[in-house]
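Asks: From first to last, the protein sequence lines are chains F and S.
With the numbering used here applied, the first sequence corresponds to residues 1 to 136, in that order.
With the numbering used here applied, the second sequence corresponds to residues 1 to 704, in that order.
Just so you know, these hints were derived from the structure itself, not from any lab.
The reader is advised that the hints may include incorrect statements.
Stated by the list, open to error - Derived pair list, reagent style DSS-like, types lysine-lysine, alpha-carbon separation capped at 25 Å:
no., chain 1, residue 1, chain 2, residue 2
1, S, Lys57, S, Lys232
2, F, Lys105, S, Lys558
3, S, Lys549, F, Lys105
4, S, Lys57, S, Lys175
5, F, Lys105, S, Lys474
6, S, Lys549, F, Lys107
7, F, Lys128, S, Lys527
8, S, Lys546, F, Lys105
Keep in mind that this is a model prediction, so the values were computed, not measured.
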Amino acid sequence: MLVSDQSKPSRNSKPLILLVEDEQFLCRLLMKKLEISGFTVRQAFDGESGLQSVEQEKPDLILLDLLLPGIDGFEVLRRLKADERFKDIPIIVLSNLGEHVDIEKAKQIGAVEYLVKAQYAPDEILRKVQEYVHVR
Amino acid sequence: MNISIRTKLVVGFLLIFLLMVLFGVYAQVVVIDAMQGSVGRGSVFLAQSTLGSMDQKIFAKIEEIELFTKDAFLQDILAESNQAFAALPDARGLIAERDAAWTEASEDTVTPFMRELIDHRLSDVLRREFLDFWKRKYGYAVYGEAFVTNAYGANVAQTGKTSDYYQADEDWWQKAHDNGFSVTEVEYDESAKEWSIPISVRIQDSGGRFLGVIKTVPIVQQMLAETARATKRYASTEMMLLTDAGKLVYATRPFTAFEDVSSERYFERLAESSGFFVLQEQEGERLYTYARSSGFNDFRGLNWILVLTHDSDEVFARVHELGRALAVLTSVLLLLVGIFAFFVPRTIARPIQKLTQMVGIVSRGNLDVRIDITSQDEIGRLAAAFNDMAAKLKELYGNLETKVLERTRELQEHIRKLDKAAKLLVSRDLELSQTRELLQNQLKELDQVAKRLVQRDFELHQTNEMLREMDEAKSRFVSIAAHQLRTPISGIQWSTNMLLGGDFGALNPEQRAVLEEALVTINRLVKLIADLLNVARIESGQPAYKFLKLRVEDICRKVFNENLAEAKNREIAVKLVVSPDPLPSVLGDPANLSLVLQNLLENALAYTPKKGSVVMRVELDPRDRGKVRVSVQDNGMGIPEFQKNLIGQKFFRADNVVREQISGTGLGLYVVNRILAQHSGELELESEEGRGSLFTVILPAVEK
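Extracted from the complex, chain F is given alone in its bound form:
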């Protein structure tokens, strides 16, 4: 995960997580959970904003919803994985689309995990995140 890149170094001591989710309530809950656990969290409510946020501040991990207004999560995923600068960022897909097709597709494009929101409590989501990013 040590990547030298052109974007602004985002470093405070806390790892940065980008949360791309259009449901604000859920965002708020997750943010609370993650920040309690020592992460810095940025949120984006659609795909475009999410990509911009990545440009501005390269995150250590991205939690990505698939059903988004504007460009959907798959497109965001594709673009990020196609970008030399950002393809190494671990992306966990968080979605209520639970079909096998979708899971396969996301994983194929490069998502490291696919979590169905309805099946994972915030604790569990936190644990998954912690597998990929360590709090320093």
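With the hints as your guide, set chain S onto chain F.
Replies: Showing chain S alone in chain F's frame:
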């Protein structure tokens, strides 16, 4: 041309014989000829040499006499006489006179004149020289007489009476005068039975002047007799001496002097100076050889022919022997040849005939006969070889026959089968023709139907499209609906969780209790939605089942592990038993199969009280090795007997669970049944109310 061997052989033999005979005859002829020639020539030579010696003797006599003429006394007397006559006026007349007187006298009378001459001194000499001398020497008279004439031809001296006085008119006197000597024809003295050849010689002096002629008469009897002796070569040899004119002078057979043989058959054959020939005579064949006297030096020879004849048989005895021998040989050979010609062709022709016969028999098919010719010759070998061949042929033929029989039988079988098949084919063909007609008619109908079907198909296709679109829309709806539902639920769930977790601060017991209740309710809601989603998905047929070859035991383990937490919560003892035997793979959709097992396990856990036990088992179906069983056994509430068959209905919940207020949607088993139907699987249920339930899933195995 068709000539048999026999004929050829016989002809051959005969030809050879003929050649031999011809040769024999030829040989004989040649030999006889040669011998005749040889003998003839020998004889001729003898005749020639005999005559030759005779001539020689005569010539010797002439020389003798010639020598005598040189005598001085003689010459003086003659010269005297000639002178005397020369002095005479008519010597001729005188001579004629005297001659007349001489010849008048009778034969016995000796006139004084004669006497005078006879007693002349010269006559004495003559007598002494010519008569006495030889008588004394040989014992017999060599000369008969001798007399001398002078140059005028008148006798001067004589040993005895002569027939006349004057000689100059005689042939011999003239010849002697001219040639020096003359030899006259032979004479025969009847009384003395003596042959003589008068020889007259010219007398001349040293100057060559003619003085007179002396005539002597040598007796040739001895000579002739000797000749006869000398020429007797064979017992049958006859000698004849004849003059050129054909007068017999001497012969070994009884003859008369000067016998005329000129008309004899042989005489005309005496054509050459010498030669020989054969004449057929009464007594047999005689070989005649002859020679003419050829003279000696000046002496031209007597005109004599010496003829020697021999009995052919005697002379050619050897040849005739040879001839006879040849004849005998020829006969013998002819016999032999005849025998040969008779037997040999037979020994060849007969076996060959036999052979031919036998070959004919064999070629007509009889392979059992054998030719019984055992001779060691080529024919015998041929016969043996032929027998071999016949034997081999028989064998081959036998084999061939066997094979042919077999094959024929096979072929007959085949033919029979083919026949049957052919008959079948014929009938089929008929059927086919009929069927074809039918089909053609049907085709026409079908054509029309097809047209209609195409139309329908098109319509159906359109309908299908619409249905598919509807289906898709349904799925999408379901999917979206699920998602739409999930999002708010997640919100509720998460917030409740976090509150309970103390993320928003501590809670008092009452707050806690209420939140816990809320969480349970929410979880129930989540389950309901999940089930509804499943049902919707299953009813719409979405998503399409993805059948893979998978191991049932793996899915069991996964589902089992996922439910361990729940089991622990409920304080239920759970156990997973996987059969130690190797389990075959199963064709199935992993997600849906998981769902099936999840539902069964969930139910088991839900309807079993605390301290109960649930056992999941995976094994080969003992009743059917081609099936895999997964069973979930619990010792929970069980299902009431009368409601067992309703248990799979949508939303159905048995009375006992409703009474106990155990939450549930009533959809689980419905889903299980639908999924299993797609997998060609079965669900079996055993249950007793209050004791427990056993749900068994049976799936068909698939070959590796």
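Asks: Kindly indicate which numbered hints from before are broken by the structure, ordering the numbers from low to high.
Replies: none
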